[in-house]
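Asks: The lines below spell out each chain.
Protein chains: 2
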Amino acid sequence: MSGKVKMVTMRDVAQASGFSPATVSIVLNNAPLARYIAPATKKRIEDAAKKLGYRPNAMARFLRSRRSQTVGVMIFDITDPFCTPVLRGIENALYQSSYVPIFTDAHNQRARFERYLEMLLEHHVEALIVVANWLFVDIQLLADLSKRNITAATIGWEVPGDSVSSVMVDNEAGGRLALEHLYHLGHRRIAFIRGPKMLIDSGPRWRGIQKFAHSVALEIDPSLVVQLPDELEANSGFEGGYRITEELLERKKKFTAVLAFDDLTAFGAIRALTKASVKVPDQCSVVGFDDVPLSALAAPSLTTVRQPLEAMGNMAVNLVVEGIKAGLEKRDWSISRHKMTPELVIRDSTRTMLSAADD
Amino acid sequence: MSGKVKMVTMRDVAQASGFSPATVSIVLNNAPLARYIAPATKKRIEDAAKKLGYRPNAMARFLRSRRSQTVGVMIFDITDPFCTPVLRGIENALYQSSYVPIFTDAHNQRARFERYLEMLLEHHVEALIVVANWLFVDIQLLADLSKRNITAATIGWEVPGDSVSSVMVDNEAGGRLALEHLYHLGHRRIAFIRGPKMLIDSGPRWRGIQKFAHSVALEIDPSLVVQLPDELEANSGFEGGYRITEELLERKKKFTAVLAFDDLTAFGAIRALTKASVKVPDQCSVVGFDDVPLSALAAPSLTTVRQPLEAMGNMAVNLVVEGIKAGLEKRDWSISRHKMTPELVIRDSTRTMLSAADD
DNA sequence: TGTCTGACTTGAAACGATTCAAATTGCTGG
DNA sequence: CCAGCAATTTGAATCGTTTCAAGTCAGACA
Chain Y
1079 MSGKVKMVTM
1089 RDVAQASGFS
1099 PATVSIVLNN
1109 APLARYIAPA
1119 TKKRIEDAAK
1129 KLGYRPNAMA
1139 RFLRSRRSQT
1149 VGVMIFDITD
1159 PFCTPVLRGI
1169 ENALYQSSYV
1179 PIFTDAHNQR
1189 ARFERYLEML
1199 LEHHVEALIV
1209 VANWLFVDIQ
1219 LLADLSKRNI
1229 TAATIGWEVP
1239 GDSVSSVMVD
1249 NEAGGRLALE
1259 HLYHLGHRRI
1269 AFIRGPKMLI
1279 DSGPRWRGIQ
1289 KFAHSVALEI
1299 DPSLVVQLPD
1309 ELEANSGFEG
1319 GYRITEELLE
1329 RKKKFTAVLA
1339 FDDLTAFGAI
1349 RALTKASVKV
1359 PDQCSVVGFD
1369 DVPLSALAAP
1379 SLTTVRQPLE
1389 AMGNMAVNLV
1399 VEGIKAGLEK
1409 RDWSISRHKM
1419 TPELVIRDST
1429 RTMLSAADD
Chain E
1079 MSGKVKMVTM
1089 RDVAQASGFS
1099 PATVSIVLNN
1109 APLARYIAPA
1119 TKKRIEDAAK
1129 KLGYRPNAMA
1139 RFLRSRRSQT
1149 VGVMIFDITD
1159 PFCTPVLRGI
1169 ENALYQSSYV
1179 PIFTDAHNQR
1189 ARFERYLEML
1199 LEHHVEALIV
1209 VANWLFVDIQ
1219 LLADLSKRNI
1229 TAATIGWEVP
1239 GDSVSSVMVD
1249 NEAGGRLALE
1259 HLYHLGHRRI
1269 AFIRGPKMLI
1279 DSGPRWRGIQ
1289 KFAHSVALEI
1299 DPSLVVQLPD
1309 ELEANSGFEG
1319 GYRITEELLE
1329 RKKKFTAVLA
1339 FDDLTAFGAI
1349 RALTKASVKV
1359 PDQCSVVGFD
1369 DVPLSALAAP
1379 SLTTVRQPLE
1389 AMGNMAVNLV
1399 VEGIKAGLEK
1409 RDWSISRHKM
1419 TPELVIRDST
1429 RTMLSAADD
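Residue numbers (this note's numbering), protein chains in the order written: chain Y, 1079 to 1437; chain E, 1079 to 1437.
In short, the hints are calculated from the structure, not lab data.
Hints may be right or wrong, so weigh each one.
A pair counts as met if it fits within one copy or between any two copies, since identical chains are not told apart.
[What the hints assert, rightly or not] When the alpha-carbon atoms are kept at most 20 Å apart in a straight line, the in silico SDA-like pairs for lysine to any residue are as follows: (1) K1129 <-> M1197; (2) K1084 <-> S1143; (3) K1357 <-> D1426; (4) K1330 <-> A1109; (5) K1120 <-> M1088; (6) K1084 <-> R1144; (7) K1275 <-> S1176; (8) K1084 <-> A1404; (9) K1289 <-> N1108; (10) K1129 <-> E1200; (11) K1357 <-> A1377; (12) K1353 <-> P1378; (13) K1332 <-> I1298; (14) K1084 <-> V1304.
These numbers were taken from a predicted model, which means no experiment stands behind them.
Just need the whole structure built from these sequences, with the hints factored in.
Replies: Quick look at the structure:
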């Protein structure tokens, strides 16, 4: 019943079809030399392979051809809902290219990142994709990769230098979209929850906000601007949004809308508002950023600036696959930095200012 | 600048240390034979390896030793929030054992499952873990795995026969917990949204509910029992819960609580109730099942029956790692089926029945 | 008849590690 | 002075593929 199934090797296929392993290899891989192989031969070999249930041994193949058909995927914290769609995008694109992802999660710890990097190198991944949306460690290490001829791409982060491609959302445009929306709904007294200082997204998002405010001569009240602390956990945004909003409410400063750094922060804000019996969106509108999957499901569903997360995962794969190809063909190739366009998704957490509610 | 970094092989370490590759291998792997190696030798070899930055080549190693240090992880739909904590649990446990996960997502498609299975076999994963929480295809295929000497474990699903281990929550106990909670809060007119017929969890959960109802002589009104349709998408639960609840409300049947099949269904229900201006939990309590990450974040936060998802991922890894070890040592070993204990998590979506609200 | 041309096919050497059986060395005891 | 032993170390085969340079062979042509 549980007898060992002997592995079928190329040698077996050769034997069965009456040709040599060399020919079998050429045919089954459709190598350049396959042009010269007689059609009848091809057929016999392919039939034999199918009949025996031959399955190439990826490891043995790698040893000779240096292709592991494997890509490393390093996520900084899978717990962050931001990551799931990105991962889906990566997985799907890799599947199209017949690569298989090796999945690692750094838990936001530098030591873990390093150990995993080591493991990925031992497994000779052909490329590395890093999803680094919430991250405070510097990843200088990545720069070394190019020396090892491993193309790499980051999502949600940029590495200085010219060795790593990156895919990010256009944060400035996104910040602008968010404020523009609130502004057009008539909101003027808006509370802002800025992202943590050390997060790469925080700056540009705020800049987009400021620029728009300036362009319509909207005055931003400094006492309504609060910054999230530099916390390590990805989901700390919720806590932060909650606490900050609570404080704002206690200060009795009036505001009719909250522009949160991201969706989780927005949920935290909503929780605080609801607890203080401030109805969302009737008495206060809330906008998020990211459009993580739960934003559509929550009650009220969240108006937010959508990052095309799945597309970003896709994009990163395309970049590294191109890099791999270039390396194979010894072509020149240079990295690129992509900025994806964000999109405003209007749902139930925002509504027009009723003139009465302003005070 | 971007000069190729030549790979450091064991041969290089041998050369540098003045011993043979055989000795180097024995020392670096701490193989049984290492007992006989002089301490001084060990030191010199280890030093040389460190100085050169030697990194074993996982592929080459596999070829000889048959150990790929790789485990296949097949998820049926990563889009389902249920999967994230499970994945985290798997990842973490594998990391402890120095295995690296190859991540695949079947998108709930049989063809994709098969293709991925093929790829995993080509990569000679040492074991396979399948997360099959929402799944209608039969996975008879898995039974073949044991023939190939690959231990496998499923999470959230059981394969007939004695070749695949499994980890599930005790659905019956969970169903009981949910109803018990509502009952003790004083609810008597309860609407039930049962899981899809073809889902393995649906039966036992309902059985737990019925048994508890029977034990306290609670009458279940058949007209308040609705079943989710057999939909393929994991997130269809939300839609289903929404529609079903809408219908129930239209029928004007009175109920003071909804016991939903899972959290997503519960969110759908809450959405429908809210839309119909029925306040949750004031006018209607809602219980979910699973405790997916967003349940704590939503407003109102969801009372639910928690599956220990991360622990389940852990458990599955432990099972297959044991299986791998047994295989290596040619020990006998038999699969096991684990039932994890669920736990009631009380949050803000349920509250005691106010006597007035009953009619 | 002998040589040359394709048109196919293959032998044999890698790739980098592991694994025994066997070799080497230095002693010990008879 | 040598057999025999213990303590270390290693040679060489092997894992399954890929990849060229080189082989075979039939027929064409001179």
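Asks: So, for every hint listed, does it hold in this structure?
Replies: Taking the hints in turn, this is what the structure says about them:
no.	hint	result
1	K1129 <-> M1197	between (37 Å within a copy, 18 Å between copies)
2	K1084 <-> S1143	between (24 Å within a copy, 16 Å between copies)
3	K1357 <-> D1426	both (12 Å within a copy, 17 Å between copies)
4	K1330 <-> A1109	neither (74 Å within a copy, 70 Å between copies)
5	K1120 <-> M1088	within (14 Å within a copy, 39 Å between copies)
6	K1084 <-> R1144	between (26 Å within a copy, 13 Å between copies)
7	K1275 <-> S1176	neither (40 Å within a copy, 35 Å between copies)
8	K1084 <-> A1404	between (38 Å within a copy, 19 Å between copies)
9	K1289 <-> N1108	neither (57 Å within a copy, 62 Å between copies)
10	K1129 <-> E1200	between (35 Å within a copy, 17 Å between copies)
11	K1357 <-> A1377	both (12 Å within a copy, 12 Å between copies)
12	K1353 <-> P1378	both (14 Å within a copy, 10 Å between copies)
13	K1332 <-> I1298	within (13 Å within a copy, 50 Å between copies)
14	K1084 <-> V1304	neither (65 Å within a copy, 51 Å between copies)
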